[in-house]
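S.K.: One letter stands for each residue in the lines below.
Protein chains: 2
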Amino acid sequence: MASPLEGGADALLLDLPRGPLQAYRARASFCWKELVLFLEGEDVLRLKKTIFSTLENDPLFARSHEEDISLDRYRELSFLRCKRIMEYNLLPLEDMVANPLWFQVFTNCLGMYDWSLAIRLLLNMVTFGLAIYNLGSERHLKYLPKIFNMEIFGCFAVTELSHGSNAKAIRTTAHYDPITQEFIIHSPDFEAAKFWVGNMGKTATHAVVFAQLYTPEGQCHGLHPFVVQIRNPKTLLPMPGVMIGDMGKKVGLNGIDNGFAMFHKVRIPRQDLLNRNGEVTLEGTYVTPFKDDRQRFGASLGTLSMGRVAIVGMSTVNLKLAVSIALRFSATRCQFGPSDEEEVPVLEYQMQQWRLLPYLAAVYALDHFSKSLFLDLVDLQQGLMGKDQSARQAELGREIHALVSASKPLASWTAQKGIQECREACGGHGYLAVNRLGDLRNDNDPNCTYEGDNNILLQQTSSYLLSLLASRIEQSPLKTVDFLEAYPEILGQRFSCPSINSCLDSSVPLAAYEWLVCYLLLESYQKLNEEKRSGRNDFEARNNSQVYYCRPLALAFLELTVVRRFHEYTHQPSVPPPLRAILGRLSALYALWTLSQHMALLYQAERRCGCPGGRDRPSR
Amino acid sequence: MASPLEGGADALLLDLPRGPLQAYRARASFCWKELVLFLEGEDVLRLKKTIFSTLENDPLFARSHEEDISLDRYRELSFLRCKRIMEYNLLPLEDMVANPLWFQVFTNCLGMYDWSLAIRLLLNMVTFGLAIYNLGSERHLKYLPKIFNMEIFGCFAVTELSHGSNAKAIRTTAHYDPITQEFIIHSPDFEAAKFWVGNMGKTATHAVVFAQLYTPEGQCHGLHPFVVQIRNPKTLLPMPGVMIGDMGKKVGLNGIDNGFAMFHKVRIPRQDLLNRNGEVTLEGTYVTPFKDDRQRFGASLGTLSMGRVAIVGMSTVNLKLAVSIALRFSATRCQFGPSDEEEVPVLEYQMQQWRLLPYLAAVYALDHFSKSLFLDLVDLQQGLMGKDQSARQAELGREIHALVSASKPLASWTAQKGIQECREACGGHGYLAVNRLGDLRNDNDPNCTYEGDNNILLQQTSSYLLSLLASRIEQSPLKTVDFLEAYPEILGQRFSCPSINSCLDSSVPLAAYEWLVCYLLLESYQKLNEEKRSGRNDFEARNNSQVYYCRPLALAFLELTVVRRFHEYTHQPSVPPPLRAILGRLSALYALWTLSQHMALLYQAERRCGCPGGRDRPSR
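Top line first, the protein sequences correspond to chains W and B.
Here the first sequence is numbered in UniProt numbering, starting from 1 and rising by one per residue.
Here the second sequence is numbered in UniProt numbering, starting from 1 and rising by one per residue.
Simulated from the structure, these hints should not be mistaken for laboratory data.
Because identical chains share one entry, a pair is satisfied inside a single copy or across any pair of copies.
Lysine to aspartate or glutamate pairs mimicking EDC-like chemistry, simulated, CA-CA at most 20 Å apart:
hint : residue 1 : residue 2
1    : 168       : 340
2    : 168       : 343
3    : 249       : 72
4    : 417       : 453
5    : 168       : 341
6    : 532       : 348
7    : 387       : 376
Owing to the predicted nature of the structure, the values given are computational and were not obtained by experimental measurement.
Use the sequences and the hints to build the structure in full.
M.R.: Printed below as a string of C-alpha cells:
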C-alpha cells in the first residue's frame, strides 16, 4: 500500500527490506507507516531515529558475540556505555522539561538495546538524582550537575539483606553527634547490610542511604534518607568504614553491578540528611513538617513511584520485542500442511494465533497505558515541585499510587507470561541464546519482584478501592474510580449481547469489567468484615482476604483502567479513518482476552449474585 | 518425633542439622523418615546414597564458583563428568535389568546435580544406544559395549534446521550405491542441516542419522536410521565430508554441546543402516516387514517415547528442587507482622501458601506418576524385546503413546509455572544466580519444546481418545480409558457434595474429572464434525478443533490419570497408618487444585449440558 505520509515523516520511516516477511506485509489492511505516525508522532520518531543511529554508529555499542563475555567485562562495558550516553546528551534537559514523555521514549530505546545500560542510567539520574531533588532542599542542589557530568555516580539504598518489602523494619542507623555536627551511619549486623543496590557493586561513588534517625537523647525518628559517599571517585576504592561488594551473578541484568554495603560508624556532615520531610538542627532537635510519622514515611517513599512507572514501560518494551520476534518467526517458519508436499507458515494455525495474537494486542494497550500513566506521574511531580498543597494534589497522589501499585504487577506479569509463550512458540530456535527470548525473560523477571513485590503492591490498590466504599470522593482527579459511585446500579445490570459480532467492540468487555470490579469490591469488603467478625485482627483479616478477593480486585481494576484508556484512545475522533478498524480490533482483542481470564469468576458471580442487593453492604 | 525405623534404613537417613528450619520440622504431624522410606524403599535409598556420596567425594564434581565459567569449559567439564560417571559404573547393567526403575533413580540423581551431565549421559546411553538396539539388528550389537566403555560417544540426529515437529519432511538423503555397497549420506542444502543435536557440537564420535532412503532405481522409501561416524575418536576432528559445529549459547543446559552437521556425500557401509524396520539387499532391493510406510515410520520413531518419559522425570525433579528451595526460604524469611516489633515467617501468609503448597502436592503426585509411567514403558519395551506380536502389546503401545504424549506437556508446564512461582516467591533472593531457581527454570525450559513440542504432542493424546469413541476396545492394558465405556452414564451424573469437608478427599475431584473428560471428548467430537460438515478437510478441521476442545481434552485426561494413580497409591491398604492423613491431604490438594483450573469450563458445561443426551452423539 502506498504511503499517505508527508515528506518529513516518510523520510523517518524507511521502507522495510524485501524478505521472507514481504508476503504477509503486503496483506496488511492498513499502512503501517500511518499507524506508527499516529501512535508516536513525528517528533518522537525523530528522537528515536537519533538515538538508534547514535548506538549503531558507535562501536562501543556493537554486539560482538558477547555471548561468552565475563561478568566483570559486561559490567564494565555497560558502565562505559552509560557514561557515553550521558556524554552524548541525546536528550538535553530543556527538551526533557518541555516534553517529559521524551524521557520515557529515551530510556525505552536504550532498554530495547539493553536494559542493563538503561537501568544503570535510570538508577543514577532518576532514582538517585530525583531522590536528592525530591527529598532534599536547596543545599543538595549542588549534587545535580555532578550527576549529569558524571563527576559522581549514584545509587539508592533502601533494601537490606533481611528486609525489603517491609521497609519500616530497616535497621541501618544514623545517630546525630551535635559535637561534630555529623551523622554516624552504622549497620548493626550483617542482616542490616544494604543489599541488592544497583550500581553499588562496582561503580557508584555516592548512595542515598535510608537509615533510622536517632537524635542525641536517644529517640528514634524513623527512616530518613542521607547522601553518603561510598567510594573515592578517582580510585573507586571504598571510603573508610564502608565495606562494599558485588552480589555476583544474577538470573539476568548482569550488566548491572548490584551490590551490598555495611557501614561501620561512617561519619557524614549534618547537611547530607535529605531534609525535605525531616530535619535535625545544629543542636540536635528533630523538626518535621508532618504531623504523624506514617505520613512522613509515605512522603519519603513516594519517590519510588517513578521507578514503578518505569517498570511498566520496561515490561511493555520486553513484551513488544518478544512478540515481534515470535510473530516474525511464525510467519516464516513452515511446518506441516494439508498434504505432505505443501507446508504452511505456523502463523496460519489457530493454535499459534491463539497463543500469540492476544499478546500483540496487549503490547498496544499497555504501551498506550504506560505513556498515559507516565504523564499522570509528571502531573503529580509538577504539583510536588510547585508545592501544591491542594486537596486535588493529595487525591491525585493517592489515585496514582493505587494505579501504579497494580500497573507494575499487571505489566510485568503480562510480559513474563507473554515472553514465555513466545519462547515456546518459537520451539527450539526460541531456546538459542542469540534469538534473545531467554535474555528478555531473564531481564524482565525482576520486574515482578523489585521496587515492591507484585503481590504486596496489589494490596495498596485494593486498600485504596476499599477505602472509597467507606468515604466517597466527589470525583477522582483521573476519573478511574468514578464509576464506583454507581456500583449498586452497575451490579443490578445483566450482561446481554444479541450476537457474537456485537461483542467485538471493547465497549462490551468494558461494561463487564465495571460489573466485575464492583462485584469483587463488595465481595472483598464482605470477606474482610467476616474475618473481623470472627475475631481476627486487622493484620490477619487483611492477609486472609487476599487470595480470592483483594488480589483479583486490584488486578481487575487495573485491567479495566487499561481497557478503558485504550478503548477511549482507539475510539477518539482524531483516529485517522483508515486506522479505525485495526485499532478497534486490537482494543477488542485485548479487552476480551483479558476479561476471559475471569470467566470462572463471572460464572460464579452470576450464581451468587442472583440478587445483588440481598447481601452485606457498606453504609456510607 | 522419634524414628520408628529399623536400623538399616535409619542409618541411610541421617537426622537433619539443627538450624532455622528446626521449629517447623518439629511441628510435623508425621515422621519424615517413615514417609521417605515408604515412597522410596530401602534399596533405592541405598542407591541414592551411593550416587550422592560418589559425587560429594570426587573433586571433579565440586561446584567451585562456576558462575563465570566459559561455555567451552562448562561443556568440557560436563563431558569429563559424564565419562567419570560411566567409569564409576554406579549402576551395573545387571542391576539395571533386574530393577529397571533404578535407572530412573540414577539419572534423576545426576540431574539433581546438573541436567547437562545427566542428559549427556542419557543421550549417549539411551537415545543413541537404545536406538541402535531397538532399530538395528545382530550386526549392530558390536556398538553397545563400545558405548559403555566410552570408546565411542553417540548422538541422535533427527531434527533439521527447517524441520523438527514435522519429522516426515526431513530432507537429508541416503542413496544406496550397489557397486560399493555403501549408502551416501547427503544434506541437499543448509536448511537440511541436522540441528540441535545434543553431544554433537564438540564430543560425539557417532550419530544415528535419520535420512530419506533411496534405492538405486531412484525410489524413496522414507526416513530410515543410519549409524554414521562423524568424528575421529582420537583427534575429535570431523570425518571427511562432515561439516560439524556447536550451536553456541542456549538459554540453559549449556553443559551440553548441541550441534549441527551437514553431510557432503559421506559414504557409510550398507551394514550401518539400522535395519529392524527396513533393509536394503546387497543388490539394492528394499525389504520391510511393514505393510504401510506410516506403520514403519511410527515404529522407527517409537523409540522417542523413552526420551519423553525421561522428561517427565526431569520436570518433576526440577519442580521438587525449586519447591524445596522456596519453602525453606519461606519458613525462615520473616517480613511484616501484626505489630511493628513482631515479624512472621512469610510461609505463614495465606498468599504464600496458596502460591507454593499446591506445587508441593504436585511434586508428590507427579513423582509417583513418573515412576509408574516409566514402569509401563519398561513393560512395553520388554514386549518389544521379546518380539511380542499380541493384540495386547499393540494396544499397550497405543495407550502408552497417548499417555506419554500428554505427560510430557503436563509435567514440563507444571514445572515451568511452579519454578517461576518459586522464583518470585523468594523475591530478590530468588533472582540471585547462586540460589539456583534461574538455572532450574532455564534448564527445565526445553522440556516444553524438545522431543516433541508440547502442543503438537497433545494432539496425539486427543486423537487416541477420539478414536475410542469410534471403535471401542474391550479393556485397555493400563485401564486408563476404561471409564469412557460408561460415558453416557457419567455425563448424566451431577456433582453433589454435602459439605466442604466431604470434598477433601481426592475421590471427589476424581469423579469430577471423569465427567469433565467425557464432556470434553464429546465436545471435541462434535466440534470436529461441525468443522467437517462446514466443508473443511481433515487437516483444517483438526487444526480448528485444538484450542478450546482437543487441547484441554488431552490435558484433562492426563490430569485425571495422574490424580487417579496418586489417589489409588495413597489410599492402598499398604500405606502405613501414620502416613495416611498426610498422603491423603497431598492427594486431595493436587486433585482439587488442578481441577480448579477448569472451573470456567465446568460452569460452562453445566449451562450447556442441561440435557447431555440432547446433542450430537457418536454411534458405535
